[in-house]
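Undergrad: Sequence:
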Amino acid sequence: MTPYLQLHTTVAHRDDAERLARAALGEQLAACVQIAGPVHSWYHWKGALQNAEEYTLTFKTRKDLLDALIDLLRRQHPYEVPEILATPVLEGGATYLAWLEQELLPAGNLRKRTKRLWPTVPR
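For the sequence shown, the positions run 1 to 123 when my numbering is used.
Simulated from the structure, these hints should not be mistaken for lab results. Where hints are given, some of them may not hold.
[Claimed, not checked] Straight-line distance between alpha carbons at most 20 Å, and here's what the computed DMTMM-like set of lysine to aspartate or glutamate pairs gives:
| hint | residue 1 | residue 2 |
| --- | --- | --- |
| 1 | Lys63 | Glu83 |
| 2 | Lys63 | Glu27 |
| 3 | Lys46 | Glu80 |
| 4 | Lys46 | Glu101 |
| 5 | Lys63 | Asp15 |
| 6 | Lys63 | Glu91 |
| 7 | Lys63 | Glu103 |
[Claimed, not checked] Quick list of the computed label-pair ranges, beta carbon to beta carbon:
| hint | residue 1 | residue 2 | range |
| --- | --- | --- | --- |
| 8 | Ala52 | Arg19 | 17 to 23 Å |
| 9 | Asn109 | Ser41 | 20 to 26 Å |
| 10 | Ala98 | Lys46 | 43 to 49 Å |
| 11 | Glu80 | Arg14 | 26 to 32 Å |
| 12 | Glu83 | Leu25 | 31 to 37 Å |
| 13 | His40 | Asp64 | 19 to 25 Å |
| 14 | Met1 | Leu110 | 40 to 46 Å |
| 15 | Ala48 | Gly93 | 42 to 48 Å |
These figures come from a predicted structure and were not determined experimentally. Positions of the beta carbon are idealized from the N, C-alpha and C atoms, including for glycine.
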């Protein structure tokens with residue numbers, strides 16, 4: 001398994017997607033952010049079946065940057081309960097992974113965080 005992962009979230013508007021992408025890239029918490037959509041989402045919300053057009057964002061990052069990236073998304077995301085899901089990258093092309101590493105904040109350069117702004121799920 002590699003030290004990399006992909007983090008996924010969705011937003012209702014393309015300008016919000018671009019704003020979140022620029023913020024993560026600006027802090028070097030992601031090497032690449034892909035924006036796809038609109039996609040059609042169906043879900044239950046506050047007791048009712050809902051559907052909406054959304055944009056999906058996929059952030060390419062490294063495990064040690066995950067907490068900082070989630071913190072950034074929680075602070076800037078427009079949704080009350082945003083989808084924030086991380087998927088490990090098991091394998092990848094050597095040249096792509098080298099590029100990914102080069103574009104991310106160097107390991108050990110992350111500011112210390114004093115508290116988490118989201119709940120920890122017990123394992």
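Undergrad: Under the constraints set out in the numbered hints, which ones does this structure not fulfil?
TA: 4, 5, 9, 11, 12, 13, 14
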